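> Sequence:
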Amino acid sequence: MKVDEFYERTNAIMEGYEAEEDFFAQNRRIFPRRAVAYQLIEEIRSLLFPGYFDDDSLAGEFNEVLVGERLRRIERLLLEQVRRAFLYNDQELSDADARERAGEVTSAFLDTLPRLQSLLLKDAEAAFEGDPAAQSREEVILCYPGMYATLVHRIAHELYKLNVPLIPRLMSEQAHSVTGIDIHPGATIGEYFFIDHGTGVVIGETTQIGKHAKIYQGVTLGATSTRKGQMLSGVKRHPTLGDYVTVYSNASVLGGETYIGSGSVIGGSAFVVESIPENGRVSVKDQEVVVRQAGEPEPVWCYEI
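Per my numbering, residue 1 is the first one in the sequence shown, and the count goes up by one each step.
Quick caveat, the hints were computed from the structure, so don't treat them as lab data.
This one's a predicted model, so the numbers in the text were calculated from it and none came from an experiment.
Some clues are possibly wrong.
[Unchecked claim] Listed next, the in silico DSSO-like pairs over lysine-lysine satisfying Cα-Cα at most 27 angstroms (straight line):
#1 K236 / K214
#2 K122 / K211
#3 K214 / K161
#4 K228 / K285
#5 K228 / K161
#6 K228 / K122
#7 K122 / K214
[Said to hold, decoys possible] Derived Cβ-Cβ restraints for the label pairs, each shown as a range:
#8 S177 / R29: 19 to 27 angstroms
#9 R29 / G234: 21 to 29 angstroms
#10 Y38 / A294: 47 to 55 angstroms
#11 V3 / L142: 53 to 61 angstroms
#12 L121 / D56: 27 to 35 angstroms
#13 V65 / S225: 27 to 35 angstroms
Ideal placement from N, C-alpha and C gives every residue a C-beta, glycine not left out.
Please model the entire structure based on the sequences and the hints provided.
Structural data, given as structure tokens:
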């Protein structure tokens with residue numbers, strides 16, 4: 001590269017920074033660290049399931065020293081990242097005030113960990129009881145992508161409720177990238193939740209799901225339209241599922257006013273935009289399956305025109 005070309009390209013990039021001050025102003029440079037957000041997931045997971053995801057002990061074994069050390073490490077990491085998140089979100093906030101608020105949030109989050117552990121054990125139980133292919137609850141915890149996505153969601157949801165900027169979304173997108181399951185941290189999910197297989201599942205921000213719900217791969221719990229963009233922020237635009245609802249693969253349930261009554265079953269590939277009463281059954285009617293032997297001509301409607 002010639003020297004003059006190097007400086008021309010450098011100046012062009014610099015001009016782009018200056019033209020987009022909203023993104024590149026110096027007072028916007030503090031963010032939570034992506035890698036540390038991911039580390040927090042692993043630290044919390046190892047705390048809640050000792051020995052399953054670390055080498056500090058055998059699976060299920062624990063002692064006061066290890067628990068205390070891990071708690072202190074989580075507290076230290078979370079405190080710093082929440083401080084950074086508050087400074088990013090409020091440019092007028094002083095570092096001292098950000099640190100004080102981060103301390104309050106971190107303390108409140110740590111207090112939720114026993115309840116999170118209880119919820120996740122119930123989720124593991126739901127997966128084991130709901131999947132005849134599961135050999136053990138340990139297999140569910142160690143191997144099932146739906147279990148991992150649910151664990152990350154429950155962590156991120158607590159931080160979301162505490163109004164922590166960015167970190168919940170960093171965590172949820174990590175689970176999305178690993179499992180193909182996209183759960184917004186704002187979604188409210190009851191106990192004994194089970195995602196079977198999971199790839200392609202989408203659960204929107206204002207979704208509410210009751211207890212003992214079960215959903216399969218490719219399910220979308222979404223909004224009917226987001227064309228109004230930010231005008232819809234804070235508006236209930238995703239569906240509500242009651243208790244003991246099952247949604248089979250590739251079904252879409254859309255809309256903030258859509259309520260799926262307890263005990264209902266949504267069949268595969270169904271498209272639902274209206275409420276369903278309790279114990280309802282939704283299926284796709286008149287699907288045509290065409291079977292032909294080798295060498296037979298294809299049906300006329302299969303030909304390209």
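> Against this structure, judge whether each hint is valid.
Tested hints:
no.	hint	verdict
1	K236 / K214	22 angstroms, holds
2	K122 / K211	10 angstroms, holds
3	K214 / K161	24 angstroms, holds
4	K228 / K285	33 angstroms, violated
5	K228 / K161	25 angstroms, holds
6	K228 / K122	38 angstroms, violated
7	K122 / K214	13 angstroms, holds
8	S177 / R29: 19 to 27 angstroms	25 angstroms, holds
9	R29 / G234: 21 to 29 angstroms	28 angstroms, holds
10	Y38 / A294: 47 to 55 angstroms	50 angstroms, holds
11	V3 / L142: 53 to 61 angstroms	56 angstroms, holds
12	L121 / D56: 27 to 35 angstroms	20 angstroms, violated
13	V65 / S225: 27 to 35 angstroms	54 angstroms, violated
Violation of the numbered hints given earlier is confined to hints 4, 6, 12, 13; the remaining hints are satisfied by the structure.
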